[in-house]
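**Q** Given the coordinates of chain A, assemble chain B onto it according to the supplied hints.
For the protein sequence lines, the chains are A and B, in the order given.
Numbering-wise (this note's numbering), the first sequence opens with residue -6 and increments by one.
Numbering-wise (this note's numbering), the second sequence opens with residue 10 and increments by one.
Just so you know, the hints here were simulated from the structure itself, not pulled from any lab data.
Incorrect hints may have been included.
[What the hints assert, rightly or not] Calculated cross-link-like contacts (lysine-lysine; reagent style DSSO-like; alpha-carbon spacing at most 27 Å):
{"hint": "1", "chain 1": "A", "residue 1": "K493", "chain 2": "A", "residue 2": "K212"}
{"hint": "2", "chain 1": "A", "residue 1": "K624", "chain 2": "A", "residue 2": "K567"}
{"hint": "3", "chain 1": "A", "residue 1": "K493", "chain 2": "B", "residue 2": "K33"}
{"hint": "4", "chain 1": "A", "residue 1": "K275", "chain 2": "A", "residue 2": "K371"}
{"hint": "5", "chain 1": "A", "residue 1": "K493", "chain 2": "A", "residue 2": "K597"}
{"hint": "6", "chain 1": "B", "residue 1": "K33", "chain 2": "A", "residue 2": "K232"}
{"hint": "7", "chain 1": "B", "residue 1": "K128", "chain 2": "A", "residue 2": "K212"}
{"hint": "8", "chain 1": "A", "residue 1": "K212", "chain 2": "A", "residue 2": "K466"}
{"hint": "9", "chain 1": "A", "residue 1": "K138", "chain 2": "A", "residue 2": "K493"}
{"hint": "10", "chain 1": "B", "residue 1": "K128", "chain 2": "A", "residue 2": "K493"}
{"hint": "11", "chain 1": "B", "residue 1": "K33", "chain 2": "A", "residue 2": "K212"}
{"hint": "12", "chain 1": "A", "residue 1": "K581", "chain 2": "A", "residue 2": "K631"}
{"hint": "13", "chain 1": "A", "residue 1": "K212", "chain 2": "A", "residue 2": "K275"}
{"hint": "14", "chain 1": "A", "residue 1": "K466", "chain 2": "A", "residue 2": "K438"}
{"hint": "15", "chain 1": "A", "residue 1": "K138", "chain 2": "B", "residue 2": "K148"}
{"hint": "16", "chain 1": "A", "residue 1": "K477", "chain 2": "B", "residue 2": "K33"}
{"hint": "17", "chain 1": "A", "residue 1": "K477", "chain 2": "A", "residue 2": "K466"}
{"hint": "18", "chain 1": "A", "residue 1": "K466", "chain 2": "A", "residue 2": "K581"}
{"hint": "19", "chain 1": "B", "residue 1": "K33", "chain 2": "A", "residue 2": "K466"}
{"hint": "20", "chain 1": "A", "residue 1": "K232", "chain 2": "B", "residue 2": "K148"}
{"hint": "21", "chain 1": "A", "residue 1": "K562", "chain 2": "A", "residue 2": "K212"}
{"hint": "22", "chain 1": "B", "residue 1": "K33", "chain 2": "B", "residue 2": "K148"}
{"hint": "23", "chain 1": "A", "residue 1": "K232", "chain 2": "A", "residue 2": "K40"}
{"hint": "24", "chain 1": "A", "residue 1": "K631", "chain 2": "A", "residue 2": "K562"}
{"hint": "25", "chain 1": "A", "residue 1": "K275", "chain 2": "A", "residue 2": "K40"}
{"hint": "26", "chain 1": "A", "residue 1": "K562", "chain 2": "A", "residue 2": "K581"}
{"hint": "27", "chain 1": "A", "residue 1": "K581", "chain 2": "A", "residue 2": "K624"}
[Stated by the list, open to error] What the simulated footprint calls covered on chain B by chain A, stretch by stretch (three residues with Cβ under 8 Å from a Cβ of chain A suffice, anywhere in the stretch; the number is not a length):
{"hint": "28", "region": "16 to 30"}
{"hint": "29", "region": "33 to 44"}
{"hint": "30", "region": "51 to 57"}
Here the structure is a predicted model, which means the values were calculated and not measured.
Cβ atoms here follow ideal geometry from the backbone N, Cα and C, with glycine treated the same way.
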Amino acid sequence: MAREPRTFANRWKRFSDWDERPLRLDKFAIEDAENGFASFTSRHDPKPGLTLSSGGVDEMDGIGVSDFDMIDTFIVRYHIDPAIAPEAMDLPSHEIARMLVDMNVPRSELVRLARGMTPAKLAEVVTQLSSLEIAFAYSKMRARKTPGNQAHVTNAKDDPLQMAADAATAVAFGFDEVETTMRVARNAWSNALACAVGASVGRWGTLFQCSSEEAEELKIGMAGFTSYAETVSVYGTEKSFIDGDDTPWSKAFLAAAYASRGIKMRCTSGAGSELLMGFHEKKSLLYLEARCLCLQRAMGVQGTQNGGIDGAPITCTVPGGMRELMAENLIAVWLDLECASGNDARATESEIRVGAKIMPFLIAGSDLICSGFGSILKYDNSFNASLLNGEELEDYLVLQRDFEADGGLTPVEETHVLALRTRAVEAIGAVLEELGLGQPTEGMKSSVIAASGSDETRSYLPRDVVPISESIKERGITVVDVIKALARRGFTEEAENLLKLLRLRVSGDYLQTSAVVRDGRVLSAINDPNDYLGPGTGYRVSEARRGEIVAIRDVLTREEVLRAEAVHKAAESKRVSYRTMGPAAAGKDRCEVVIGVSPAFGVKLFQTIAGHPLSAILRELIGGITEGGAKARVVRMKHTADTSFLGLSAAHLSGSGVGIGIQAKGTAVIHQNDRLPHNNLELFSNSPITRLEHYRHMGANAAAYALGKMPEPVVVPTRGEAMGSRYHARVSLIYAIETELTSEGAMPEDVEVTFMGSAA
Amino acid sequence: MSEEGLSIADYPLAEKRPDIVRGKRGRGLDEITLEALLEERITLEDLRITEAALRQQAEIARAAGRGTLAANFERGAELVDVPQDTIMRVYELLRPGRAQSQEELIAAARELRDQYGAKSIAAFLEEAAEVYERRGLFKKRF
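Bound conformation, chain B alone:
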């Protein structure tokens, strides 16, 4: 999507660029109607954000001068397809004293990178591993 070069003039996408807004299974916004929901043509799955939408919002955020927000959207984009249980497990592992060594975090980083292509999230976890080691967080707290 980055070649589109979205700018703040394209925002809000739902209004200005409905043509590029698509749900998880390719449904457009105009297809998301109460009727369709009642007839089960639309499910909760169609109402989830997509990796593409987050990358588009990242472009807009960056165009508005908000680089750190854009980076968060990009990390989010990498997590869209990561199952809830995995997300909660990795979050738990990042909390103080949960991981007992750098290796546990590094292993989680490898899993996210290899299975979901989550490169920046993986790098983020590896960075945490290094900082936690330096600050002595790998010890049991309770």
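So here's chain A without its partners, still in its complex pose:
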């Protein structure tokens, strides 16, 4: 006997398989509070506490007034409400945690108590909640009832044409806010102008911001191009704050400055920023973030972009990191802040972790579920890739449909998107020409309209955009000039839309907490407050909204299946004819194999799920039986469409006692007359991957069984395809056509099959 080869192994190869998965590109960090890697608790976190005296606060979270840093000082002066603090701080944390998930305790009561709670207290309370409880509490505590979403619109070339087309596209998908930034800092003005024009196409009301240097951003806002700002960052330690080149007072001053210009504003903070900046003071991520959030309420900003943000990836390296991101979002809404809840920087290469990360927010809802859903392709995202991007936008639309959850987006038809992109590119082209900023050619424009991303465009490059941007800035071009240019060139609707957005500033209604514009109306926490008090209350997807959410593209209908079959019928009529010969009798020939076909086989259905014409399938089965030394007889069953019973009935009629059952969709079985229905000889259950040679082999094997031999069973190889998701909708519709033709007790009939011409 030859020497058997042996496998040398120092490793279970599954680990090598795992090494190749995208997940392994993620790098995980050990929990290490001393070095800042702790999500919820560190031994250096202070115990909650507050000592009040007639002079005010003497001590907060274990720190005496004389040792207060700037953040402590600001929180004590502007966040802590001394009228509520004694009551709130005295309530045991586990009791408050229970109130957060008790649907009978109204949001308003919890918001009131939060005003008297210190950062350590808020952190201690939410630490007691599981991920599920955090998600539930978030859903109950978020400020505005109707959920929304925000898009990133950027491109790798800072191309204004693409910026406009992609802004219009994002608006069509339903984003309430659009945020842009640029590859080259000097291109900020061009990006802002182009996005503003694009966002005015199709409907009005999408708020728009251009993230750039603080002073520049305010100037762009003053020129009317943008309607909100969110990159006003705050930090949880004093040293990080100073390295961020600001203080609580400078940032609060900036917040007042934005209000004075009628521009909506939120701050940004998130776990991990202090860790990344090297000044974490060995505190947990959550505790530092609780400080940031108290500070933001203290500053009087209406909301926060929160949930890791740039620190989300590092937070997700730590045990409990994703739960921590949810917990800090909960503190934000508990403090009555609008929350643009992160789900922003791509925190993982694993699509499973991406899906898991977004799920709680999708079902809980959020003021802005993503504080930057990449509506463009990953490589075009100048903020870096988002958790979800243009590539995955349809996955998100389907998740909305799966869970009947309003993620703020709406499917859009292909032709509609193309029309909007065309309009947006024409509009920005007209504005550039009217204002003497550029003369985009038809070739540039058409390349942008069709392009999925900037790799496919032949348009402006970053260097071409610099003079456009600098010209806008130097000439003091404002949105009024843009509106006039649009109107002069016949883009009246877009001109009106831009003006309506600008008019929001006069009343300042959209400066209130959680304000967005829906259907031409400002909707905020004031006129659309979250009133959740259990099932039937709070946000519910209306019938109309549900209709929008479920309307994804390419859904299968019975009519479509029947139309396809009609086409196949015409083709099959040239290849095969079936002649009914009358009731089938039991065969006497010991070499016979009966092929029992289903009721609709070649009558109403003409092709298998794998796309093989039924004539070809029969040809292979018969050919295989003949080659195997047996004789084939075709019988149509009319009492059943079930594969097992088709096979068993065929076996009962067969002179050899061996029969084949086959459905029109291609599922086939070899059966024997003495077996139980579902205990067959061989089964091809995966018809979509069953090839013609498999059917031939099945025929030959059936012949072998008939002749008393034991052949090698045919194995149809599967690579683990999700057969059900790919085919079951079609299968069910097709199978219903089969079962409709069955009738109880109907007798099988012999069928004479005549093949015409050559094989299909």
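**A** Structure of chain B alone, referenced to chain A:
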């Protein structure tokens, strides 16, 4: 405006109380039309928020239980007429290490109070001056 006692029922003002919404030069919302803009009867100046509007929004925010947001709107109201350059200069001065002493911030506070009547902003700057001194922020950083 405070005697009006606006409540959350008055919100959104553009819808519920268009009668009290006025632009910088007294224009009402219905006067802000594309036609008016094209005929230059309306300019960017008419599309700016006013001190009155911010104080109205502050009242509404306070009625909704958001005192800190209301205070921010009130600080904003004081800055409406402060020129952009001054705002950017004061913001810059508030950043770490820009001012070299308390006096610089106090002087800026005096300017805002005296020239623009910005009392709460001035107090805010004076408070910053005191905290920055205590935390050693009056030193050059770069």
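**Q** Each of the hints needs a verdict: does it hold here or not?
**A** Cross-check of the supplied hints:
1. A:K493 / A:K212: With Cα atoms ~20 Å apart, K493 of chain A and K212 of chain A stay inside 27 Å; holds.
2. A:K624 / A:K567: The given pair, whose Cα atoms are some 25 Å apart, holds under the 27 Å limit.
3. A:K493 / B:K33: holds, 17 Å
4. A:K275 / A:K371: Violated: K275 of chain A and K371 of chain A sit about 34 Å apart, past 27 Å.
5. A:K493 / A:K597: Status violated; Cα separation ~57 Å.
6. B:K33 / A:K232: This hinted pair is violated, its Cα atoms lying about 41 Å apart.
7. B:K128 / A:K212: holds, 25 Å
8. A:K212 / A:K466: holds, 9 Å
9. A:K138 / A:K493: The hint holds at about 24 Å.
10. B:K128 / A:K493: Between K128 of chain B and K493 of chain A the Cα gap is close to 33 Å, so the pair fails against 27 Å, i.e. violated.
11. B:K33 / A:K212: holds, 19 Å
12. A:K581 / A:K631: holds, 22 Å
13. A:K212 / A:K275: violated, 38 Å
14. A:K466 / A:K438: holds, 24 Å
15. A:K138 / B:K148: violated, 47 Å
16. A:K477 / B:K33: holds, 21 Å
17. A:K477 / A:K466: holds, 17 Å
18. A:K466 / A:K581: violated, 95 Å
19. B:K33 / A:K466: holds, 24 Å
20. A:K232 / B:K148: Given that 27 Å is the threshold and the Cα spacing comes to 14 Å, the pair holds.
21. A:K562 / A:K212: Roughly 67 Å between the alpha carbons, so the hint for K562 of chain A and K212 of chain A is violated.
22. B:K33 / B:K148: Roughly 41 Å separates the two Cα atoms, so the pair is violated.
23. A:K232 / A:K40: At roughly 22 Å apart (the allowed maximum being 27 Å), K40 of chain A and K232 of chain A satisfy the hint.
24. A:K631 / A:K562: holds, 20 Å
25. A:K275 / A:K40: Judged against 27 Å, a Cα distance of about 14 Å means the pair holds.
26. A:K562 / A:K581: Violated, at about 34 Å.
27. A:K581 / A:K624: holds, 12 Å
28. 16 to 30: Held - the region 16 to 30 of chain B has 7 residues with a Cβ nearer than 8 Å to chain A, which meets the minimum of three.
29. 33 to 44: holds (count 4)
30. 51 to 57: holds (count 5)
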